[in-house]
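Chain by chain, the residues run as shown.
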Amino acid sequence: NAGVMQNPRHLVRRRGQEARLRCSPMKGHSHVYWYRQLPEEGLKFMVYLQKENIIDESGMPKERFSAEFPKEGPSILRIQQVVRGDSAAYFCASSPQYEQYFGPGTRLTVT
Amino acid sequence: KQEVTQIPAALSVPEGENLVLNCSFTDSAIYNLQWFRQDPGKGLTSLLLIQSSQREQTSGRLNASLDKSSGRSTLYIAASQPGDSATYLCAALTQGGSEKLVFGKGTKLTVNP
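From first to last, the protein sequence lines stand for chains P and Z.
For the first sequence, position 25 matches number 25 in our numbering, and the numbering has no gaps at all.
Converting from the second sequence to our numbering requires adding 1000 to each position, the first position being numbered 1.
Derived from the structure by calculation, the hints contain no laboratory data.
One or more of the hints may lead you astray.
Ranges of calculated distance between the beta carbons of each label pair, as one might list FRET restraints [claimed, not checked]:
1) P:M5 x Z:R1055: 31 to 39 Å
2) P:T109 x Z:V1013: 32 to 40 Å
3) P:G16 x Z:E1017: 45 to 53 Å
4) Z:Q1054 x P:G28: 36 to 44 Å
5) P:N53 x Z:A1029: 19 to 27 Å
6) Z:P1113 x P:E52: 29 to 37 Å
Partial pick of chain P residues on the chain Z-facing surface, computed with a CB cut under 10 Å [to be verified]:
7) K44
8) Y48
9) D56
10) E72
11) G73
12) I76
13) Q80
14) S95
15) E99
16) F102
17) P104
Note that this is a predicted model, so its numbers are computed, not measured.
C-beta: ideal position from N, C-alpha, C; glycine also.
Produce the complete structure using the sequences and hints provided.
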């Protein structure tokens, strides 16, 4: 059983471009979570999704950020018009219920 | 609102020493508490998960305890090795809301040969 997969592992974007981060949960897991780790800070919850539903997006910035988990395919975290402050490691986790398993993360650098 | 605190922020010990990492949380209504390890530039590796009904969990040289009434958890590492050097994170899954983990900022452990 493959673990949580994230791609790309590293992403470089110029200010104003769009960033798309992908997450494939573990087989059989229907819950997906996105967390962000800013430099020198702890991991912060962003959004919790189930298939085709956003359950909790209380940690998402109000503008430029969106997430989806379609019926088919990976979960996508989309950041529009990136700014330097978006540079961070973005981690995805999946869960069958309460224990969360984390992917390797995508490290986004905005230049 | 759940808040998780880890003390100390950094710890340096000689190889072979037993050590304890501390984690405290403000809301005792939790489903579980997880301890993770993070190596520099890497993802999170789950070490131990303690359900709210449990008092402790053990895996090899690691032992984690949970005291919900006092809002505390500890991670005990026996006979530390240089390979244990990493940042250790604790995270609480709180009841009554969505299933999001609230993380502490971590303890950076260095084990010196």
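Pairwise beta carbon distance, P1113 (chain Z) to E52 (chain P), judged against the given window 29 to 37 Å: violated (52 Å)
- prompt: Holds or violated: Y48 (chain P) as interface residue toward chain Z, Cβ cutoff 10 Å?
  reply: Holds: closest Cβ of chain Z sits about 5 Å from Y48 (chain P), inside 10 Å.
field: Cut-off 10 Å, beta-carbon criterion: hint that E99 (chain P) touches chain Z
entry: holds (5 Å)
query: So does M5 (chain P) sit 31 to 39 Å from R1055 (chain Z), Cβ to Cβ?
result: holds (35 Å)
query: Q1054 (chain Z) and G28 (chain P), beta-carbon distance inside 36 to 44 Å?
result: violated (24 Å)
query: Is the shortest C-beta separation between Q80 (chain P) and chain Z less than 10 Å?
result: violated (23 Å)
Hint validity - P104 (chain P) Cβ closer than 10 Å to any chain Z Cβ: holds (4 Å)
task: Look at the Cβ atoms of T109 (chain P) and V1013 (chain Z) and judge whether their distance stays inside 32 to 40 Å.
output: holds (34 Å)
- request: With a cut-off of 10 Å on the beta carbons, see whether I76 (chain P) makes it to chain Z.
  value: violated (19 Å)
- request: Classify the hint on K44 (chain P) as holds or violated, based on whether any CB of chain Z lies nearer than 10 Å to its CB.
  value: holds (8 Å)
- prompt: Per the CB criterion, is G73 (chain P) less than 10 Å away from chain Z?
  reply: Violated, about 22 Å.
- request: Could you see if the CB distance from G16 (chain P) to E1017 (chain Z) stays within 45 to 53 Å?
  value: Given about 51 Å between the Cβ atoms, the range holds.
When the structure is compared with the earlier hints, violations turn up for hints 4, 6, 10, 11, 12 and 13 and for no others.
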